[in-house]
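Enquirer: In case you want the letters, here they are:
Protein chains: 2
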Amino acid sequence: MKLLEDRIRKEGKVIGTDIVKVDSFLNHQMDPELLDQMAEEFARLFKDAGITRVLTIEASGIAIAVLTALHLHVPAVFAKKSVSSNIGDDYYTARVHSFTHHTDHDVILSKNYLSKEDTVLLIDDFLATGEAIDGLTALCKEAGAKVGGVGICVEKAFQEGGRQLREKGYHVESLASIASIQDGVIRFTEE
Amino acid sequence: MKLLEDRIRKEGKVIGTDIVKVDSFLNHQMDPELLDQMAEEFARLFKDAGITRVLTIEASGIAIAVLTALHLHVPAVFAKKSVSSNIGDDYYTARVHSFTHHTDHDVILSKNYLSKEDTVLLIDDFLATGEAIDGLTALCKEAGAKVGGVGICVEKAFQEGGRQLREKGYHVESLASIASIQDGVIRFTEE
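The listed protein sequences correspond, in order, to chains A and B. Per my numbering, the very first residue in the first sequence carries number 964; after that it's consecutive. Per my numbering, the very first residue in the second sequence carries number 964; after that it's consecutive.
Among the hints, a few may not be true.
A pair counts as met if it fits within one copy or between any two copies, since identical chains are not told apart.
Stated by the list, open to error - Below, simulated EDC-like cross-link-like pairs (lysine to aspartate or glutamate); rule was C-alpha separation at most 16 angstroms, straight line: (1) Lys976 - Asp986; (2) Lys976 - Asp1053; (3) Lys1109 - Asp1011; (4) Lys1074 - Asp986; (5) Lys1074 - Asp1053; (6) Lys984 - Asp1053; (7) Lys1104 - Glu1003; (8) Lys1044 - Glu1021; (9) Lys965 - Glu1003; (10) Lys973 - Glu1094; (11) Lys1010 - Glu1136; (12) Lys965 - Glu1136; (13) Lys1131 - Asp1069.
If you are wondering where the hints come from, they were derived from the structure by calculation, not from laboratory data. Bear in mind the structure is a predicted one, so any value in this text is a computation, not a measurement.
Given the sequences, and given the hints that come with them, work out the whole structure.
Expert: Written as structure tokens, this is what we have:
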């Protein structure tokens, strides 16, 4: 999506060879008009996938997920970071490993809001090693729900998460796909 | 806002005399059409306040904040729960006390996204004892920004947060205001 790529080129802050910070418009401050256009594009890309719910994980995915759900006319739901390891039988749970922070944490989702009747669009702001999306697919599997697609704002295509998801057969769409970062220059994957 | 009150009456789960869970449409699963209409109402209520930024706190406030910002044509920004007590000079910080969990935690906000030029609309899903909004007003004070208004989805008017904020002179608007919960029945404040 050229609009997003241009914005990343203009405002993304490159750190080293694998980090681009986009917190001026995507995941700390948020440009609502840009996010709404990105959401409209997700809705277009997945319009024939029979999506019944949009699922994301707190906190950075929530804004784009609710806007996408608005365009698809379905509910959105976000998995919550669990504060307790003993949350009872009312929740699905999944373990999410963070390669960045070298930690594990659990995410939870009420059983009321995902079921085997659902075809789910997973949404997140970034895809790198894929741990967050793996957590969301695990929640869907536990619920018996079908994953109808994976919508990513910014994919780091030089890391393995996207390739692994596509090899597993998931329909993954990234609005911006970064091929490499070298000497402070961001190169996007050719469309 | 009658639409929201009706939804709370229909789907809110009362626990005891002071808790109403609205996680089927507001802060776990989200009904995007309802949230968009609530956001439109916030934009109408604060249209003459000169708002330059919408500020909320992760995670439950993000969806309604970004939709409100979309209607007001300004950026939204969310304060993040801090994972580290040593985050350097690039962030404003505030301590938030949780009466529910009897804990304190810090929230942070990049200094890039709030300044003394700003007139800020604070948004949150619930207002009870007011600790989250107090944290956001502290961030605004640190930035030298003006608080132009406080927009709350559901106020528990039988707790002191809203009264205290109004006594301090803040323009607080709640889309639903619960006067009491007794025997499982929710009574709203007369408009």
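Enquirer: Against each hint, give a clear statement of whether it holds in the structure.
Expert: Now the hints, each set against the structure:
{"no.": "1", "hint": "Lys976 - Asp986", "in the structure": "within (9 angstroms within a copy, 36 angstroms between copies)"}
{"no.": "2", "hint": "Lys976 - Asp1053", "in the structure": "between (41 angstroms within a copy, 14 angstroms between copies)"}
{"no.": "3", "hint": "Lys1109 - Asp1011", "in the structure": "within (14 angstroms within a copy, 46 angstroms between copies)"}
{"no.": "4", "hint": "Lys1074 - Asp986", "in the structure": "between (32 angstroms within a copy, 12 angstroms between copies)"}
{"no.": "5", "hint": "Lys1074 - Asp1053", "in the structure": "within (6 angstroms within a copy, 40 angstroms between copies)"}
{"no.": "6", "hint": "Lys984 - Asp1053", "in the structure": "between (36 angstroms within a copy, 14 angstroms between copies)"}
{"no.": "7", "hint": "Lys1104 - Glu1003", "in the structure": "neither (27 angstroms within a copy, 36 angstroms between copies)"}
{"no.": "8", "hint": "Lys1044 - Glu1021", "in the structure": "both (7 angstroms within a copy, 12 angstroms between copies)"}
{"no.": "9", "hint": "Lys965 - Glu1003", "in the structure": "within (14 angstroms within a copy, 29 angstroms between copies)"}
{"no.": "10", "hint": "Lys973 - Glu1094", "in the structure": "neither (28 angstroms within a copy, 37 angstroms between copies)"}
{"no.": "11", "hint": "Lys1010 - Glu1136", "in the structure": "within (13 angstroms within a copy, 37 angstroms between copies)"}
{"no.": "12", "hint": "Lys965 - Glu1136", "in the structure": "within (14 angstroms within a copy, 39 angstroms between copies)"}
{"no.": "13", "hint": "Lys1131 - Asp1069", "in the structure": "neither (23 angstroms within a copy, 40 angstroms between copies)"}
Of the hints listed earlier, those the structure fails to meet are numbers 7, 10 and 13, in rising order.
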